[in-house]
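Undergrad: Chains A and B supply the protein sequences, listed in that same order. Position in the first sequence counted from 1, then plus 98, gives you the numbering used here. Position in the second sequence counted from 1, then plus 142, gives you the numbering used here.
The set of hints was computed from the structure by calculation and includes no laboratory data. Accuracy of the hints is not assured; some may be wrong.
[What the hints assert, rightly or not] Chain B stretches covered by chain A per the calculated footprint, using a threshold of three residues with CB under 8 Å from any CB of chain A: (1) 182-193; (2) 221-229; (3) 233-244; (4) 248-261.
For every residue, glycine included, the Cβ atom is placed at its ideal position computed from N, Cα and C.
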Amino acid sequence: MDDDIQHRLDTVASLIVDGSPHAVALGFRIDRLTPGTAAMSAPYSEALIGDPETGTLHGGVITALLDHVCGMAAFGGLGAKDTPATLDLRIDYMRPARPGLDIHAEAECLKSHGLVAFVRATAHDGDIDDPVAIAQAAFMITRASKAAQERAMKAMRGEHPL
Amino acid sequence: MSRALLDTLMTAPYVARFGVRLEIKGTELTGVLPFDNDLVGNPLIPALHGGAVGAFLEIVASGSLLLSQPLQKLPKPIDVAIDYLRPARAQDVYARAIVARSGRRVANVRAEAWQGRTDAPVATLHGHFLITPESSEPGSDAR
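Okay, chain A solo, but in the shape it has when bound (with noise of 0.2 Å):
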């Protein structure tokens, strides 16, 4: 079961960054992708910094990778079948990221089943025990994510234009 999960994980893992044009605009990496977990990381950018004085990133570059991320492991954790939709994200600044220094993620689905998947996630910028922020999140498999995925399912057996 996790075998075939894990084969459509691999599947589609060119496209968790790659088909998302705002993860793109960020400079994502993928790192790791299991059922049920996930990592990603955001290169530090000078285009994408929020506090000139510091030399920061801006929160919404960790916002934006905390919610991937978490939406990556509940991706898998609900069967890697339907791209699910954030519900809601809370998020815990613990401290500034450091300048200059890549933001790594890591998400774990805690508990998923039938349509909703329950995550937490950290952020940190090298040290996992001393992190920039953590997150929890629950995620949905909602009409529009599950109407979505059958024209991309569709378009993808050459059966009907995106």
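Fit chain B to the given chain A structure using the hints.
TA: Just chain B, lined up with the frame of chain A:
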């Protein structure tokens, strides 16, 4: 109002990169996130990235804090909770924030984002921000 810090907030590379604007009329502030393909999270729906909408709400919350009082530094988010109510479509997003409480060190802010209709919000944010007011009179804060 902290005019210089509002400028710092809005000219930060990230904020300028995604074209966020703040429209200020008197004491009222409305944030505008103009649609850009780089904001799309899921092109199949298509829907804007939850992180982009969350970041926009954070910027509007910070802007509202800066508009409401003179501060010495940019507000720093302590925690935020974002609820996603509807998919944010491939259109401009607007947002307003209410400073629910502002003390000597911490402010509690609520913000709401919408697209077509103000009564159909796409996301809401509730957060705490660390602030440094310019004149923190002893006793002006009950906390």
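Undergrad: Output the indices of the hints that this structure fails to meet, ascending.
TA: 3 and 4
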